[in-house]
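Engineer: Residues per chain are reported as follows:
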Amino acid sequence: MKSFNQIIEEIKKLKTGLFEKDFLLTWDKTQDELKQTLLVAEALKYLRDNNISAKCFDSGLAISNFRDNSTRTRFSFASACNLLGLEVQDLDEGKSQIAHGETVRETANMISFLTDVIGIRDDMFLGAGHTYMCEFGEALDDGYKNGVLPARPGIVNLQCDIDHPTQAMADLLHLKNYFGSLENLKGKKIAMTWAYSPSYGKPLSVPQGIIGLMTRFGMEVELAYPEGYGLIPDVIDVAKKNASETGGKFKVVNSMDEAFKNADIVYPKSWAPFAVMGRRTELLQKNDKEGLKALEQECLANNAKYKNWECTEEKMKLTKDGKALYMHCLPADISGVSCKEGEVANTVFEKYRIETYKEAGFKPYIIASMILNNKYNDAASILEKLYNKKKERM
Amino acid sequence: MKSFNQIIEEIKKLKTGLFEKDFLLTWDKTQDELKQTLLVAEALKYLRDNNISAKCFDSGLAISNFRDNSTRTRFSFASACNLLGLEVQDLDEGKSQIAHGETVRETANMISFLTDVIGIRDDMFLGAGHTYMCEFGEALDDGYKNGVLPARPGIVNLQCDIDHPTQAMADLLHLKNYFGSLENLKGKKIAMTWAYSPSYGKPLSVPQGIIGLMTRFGMEVELAYPEGYGLIPDVIDVAKKNASETGGKFKVVNSMDEAFKNADIVYPKSWAPFAVMGRRTELLQKNDKEGLKALEQECLANNAKYKNWECTEEKMKLTKDGKALYMHCLPADISGVSCKEGEVANTVFEKYRIETYKEAGFKPYIIASMILNNKYNDAASILEKLYNKKKERM
Amino acid sequence: MKSFNQIIEEIKKLKTGLFEKDFLLTWDKTQDELKQTLLVAEALKYLRDNNISAKCFDSGLAISNFRDNSTRTRFSFASACNLLGLEVQDLDEGKSQIAHGETVRETANMISFLTDVIGIRDDMFLGAGHTYMCEFGEALDDGYKNGVLPARPGIVNLQCDIDHPTQAMADLLHLKNYFGSLENLKGKKIAMTWAYSPSYGKPLSVPQGIIGLMTRFGMEVELAYPEGYGLIPDVIDVAKKNASETGGKFKVVNSMDEAFKNADIVYPKSWAPFAVMGRRTELLQKNDKEGLKALEQECLANNAKYKNWECTEEKMKLTKDGKALYMHCLPADISGVSCKEGEVANTVFEKYRIETYKEAGFKPYIIASMILNNKYNDAASILEKLYNKKKERM
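Chains as they are written, first to last, in my numbering: chain P, 984 to 1377; chain Y, 984 to 1377; chain H, 984 to 1377.
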């Protein structure tokens, strides 16, 4: 394992501009910035694992703004903030007056007077989540520029309609650890494939996040889905461009078997077709319950045609030496466990269960890294100070 | 801008008895006590703005007891507590057994064993909110006196049926900053006027808080509302008495134009008539849904007669040099933005939008000041210690 | 009152294995372990009462997992965690994806990456609460063993279907204080008796916790209930065994009067019959609303036969010198106050009200003690360090 000093030395070599910039989409960040995000996360994990306090805030608020349900990300955010010394305050719209006509512009300022960071999840409506975060950020810029806010709180995207950067970056850190280094990922094949689920309406942000990020590191990314289950076209273009720029590959196929063939990593996960998400967004906005029910029936019937898109032992045999790493953002639809027929066979999941837990375990550190890099211009020296101080956490 | 030392010197000159006293109504406090509340708030803002830790609690709980919805005040309270080092715990009646017959007396003690401060919002029922806070306080007195509680937690009124002291004091601090000093407010005319809104049932505590407080500082307070939209008569008496004692003026008129004439400050805001709030309280207590619907219809119809009570560009021209400061506790009903026809024209609001945000920005510091003054007998020396220690917040 | 040093010396004499062990049932703990839990609670109370910081965590998360409503225990847990320096994060199933098929195994790990302690209340279903906590603990063991979790978070039972150890231990600490020492409890008679309530379905964990704990300290425990209102038979066996091993006594009678006779302490409290809780659990699991209504009617009718099981002034006269200590976990059903006819006469409750508040006031310290003992192998030296450091809390 790398020493703490090695991590710090690596950070010092990078040229990055993460300071005071929101973390909304991984493809807005440079290679060095992504690398720094991973390294700072590793340094924070090192501190915590060695019982050294990583508190770099004496006080300060972190706001979580969850516009959709969440357990994992909620706890990851809370853990990250507590690690750094920030206290989480939930902006729960059920408890607030937001529904009564407040504009984003006003709310953003009203909750930010003493706030350092705001984590937002907004993945329900296609075309809305990322837009909301941008508007929120502009409102904060406006408030800061006009002297309303003493500092500009940073925004961390905890999942939007386009990307899920804390998930994708945690996944990347898991791969870095599993394969030994980012270098080692070059040329590795990852199969990001649709999988059958008895539910519908799952967001597109995970597969989009994976193809948008893994194409940055020279990987061979193969996206597989049944015809009609495409992702947002713009993100497909991002993946293509990334691959061509970093010596990676990006390919779309309509067969799970083909994607699994010779893969080093498989990521089988259900999502709703892009077109369906668009129709669903319209119906949700109109509050058309009949329409939503009809759409759900139509989609479930369509899904049911692809029950063979399941990550089984047999399919795993198609992968490199039959030993590809199975990944999932969790919770997975496990056949015979959480549902009758689902994304993955129980035996496959069980074999990789601990690995998926470890994968999830990187998320708090990724979020803490995003916060630290946003609020401190020189992450390396902050981390060194904490390390040298060696204040025991407990 | 005043130096930190100047603020501290001013505090030292005052004779006050804020220590261990709840902050329920501004008119229960002396002039010096109100001044100290402002000054301590300014000192805390100075510390925060200069990245100096204002933590004067190593640990301790602050309880928020919101019996009505809130975003702003909830976040202001959370910010204030975090600034001082207290952790907020919500007393959410939905999550608790309070509905099952617990008495206030018991609840007050049960949540207070290790509690330093309790912030309460209770503005739904006329005649109930202030009473509830007093009962709560008596229960805490009883528990403290009898050795149940190691200390008497302080209560901060976060809005009741009578007053909204954290709002009014934040408004006053905004005026102090805007006009340069409390001295400069003498003789200034403030128009606290009713304004049209397409909703009904808005509490009376803001206008009552404003007329009860601004009459303390030699201001010329003019309260305007359409006939039938009066406030609690006792509070009108308070305002009259205040004005006569401090060389200010207090006048009630039934014309927005008249109130605006030559005003230095305008505060146009909707509220429900006192008599309606009384009837509404009765219906709410009986859970009479039909009655409530009928009352709402009656009131909305009545409101609709006064759509011309809108703060327009034209009306603003009536004010001193056409340049009165527009104030609002937010969120405002902005015509064409948050509603079709509302309290204020979009162009007027837009011109003063940033000022209203700054106004709101004082609230966390006012709340923190109320807490600090309640828990520390010598605020000036605590603030000096924090200043001299110069511990960086981040 | 004992000095701090005396408390520490007493702790040092004990041989205990509380470190890294969950606190689920008091009868899983040795005498020395129970004594240490009381002593550490007393030491923490001493520190707090003397304004000495008891923070032994620089940062860290404490998760509260309330699967049933609670005010007291929720605030006790929050107070305990804040006292030690941990931040509470609620696992609220309404806000999470838990309802969507996540297994306990996965959830336990997902929320625990940076977590030190988890407090769980699960007392709704007979046969389920304790089982859930054990499964949760096994999931944490699994995650820790497999390198998912950097440490094994401790579990504190905040009430299950079998025991309510934080309540029973707080009750015991109250008795220790009231009678001067644990020694003085030997031979004292405590009447744990059923009492009438106009509600049904109250959990069995309080009476079970009391008979399971008080029989450990040489007390004469008399359990009284109307025929048909028995507790879980296994717990009755535990109480019998305890009594025979510690020179105490345990007896079951069907008369409140008999139990009160010559009692030093009375604990009159309603609960649902064991058999009813079993039927109720089945109906709840089937979501059989009609069945639940019918069961409620049947039970209320049955309860109504025993309205004379009320703790009245007359019944109190039967106790030792008419002066037995009245105890209750609160809230009590007080006749003429919280209900028409209930568990206790208003005059009796009023006389002992302050004592019941003090009883409740020990709970935060008991919980903090359970956490400290779980996370630190040498509680005495941690407490000494805090004492010698004498950092002021405020």
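Simulated from the structure, these hints should not be mistaken for laboratory data.
Hints are not guaranteed to be accurate.
In this list, chains with the same sequence are indistinguishable; a pair is considered to hold if it fits within one copy or across any two.
With a cut-off of at most 30 Å between alpha-carbon atoms, the simulated DSSO-like pairs for lysine-lysine come out as follows [claimed, not checked]:
| # | residue 1 | residue 2 |
| --- | --- | --- |
| 1 | K1128 | K1373 |
| 2 | K1224 | K1018 |
| 3 | K1306 | K1128 |
| 4 | K1372 | K1224 |
All values derive from a computational prediction rather than experimental measurement.
Engineer: For every hint, state whether the structure bears it out.
Structural biologist: Status of the hints after comparison with the structure:
For a Cα distance limit of 30 Å, the shortest separation of K1128 from K1373 across copies, 27 Å, qualifies, whereas the shortest one inside one copy, 38 Å, does not. In this assembly of identical chains, K1224 and K1018 lie within 30 Å of each other by CA distance solely inside one copy; the values are 19 Å within and 62 Å between copies. Proximity of K1306 to K1128 under the C-alpha cut-off of 30 Å is restricted to the inter-copy arrangement: shortest distance 23 Å between copies versus 54 Å within a copy. Within a single copy, K1372 and K1224 get their C-alpha atoms no closer than 44 Å, and across copies no closer than 53 Å, so neither meets the 30 Å cut-off.
Hint 4 from the earlier list is the only one contradicted by this structure; the remaining hints agree with it.
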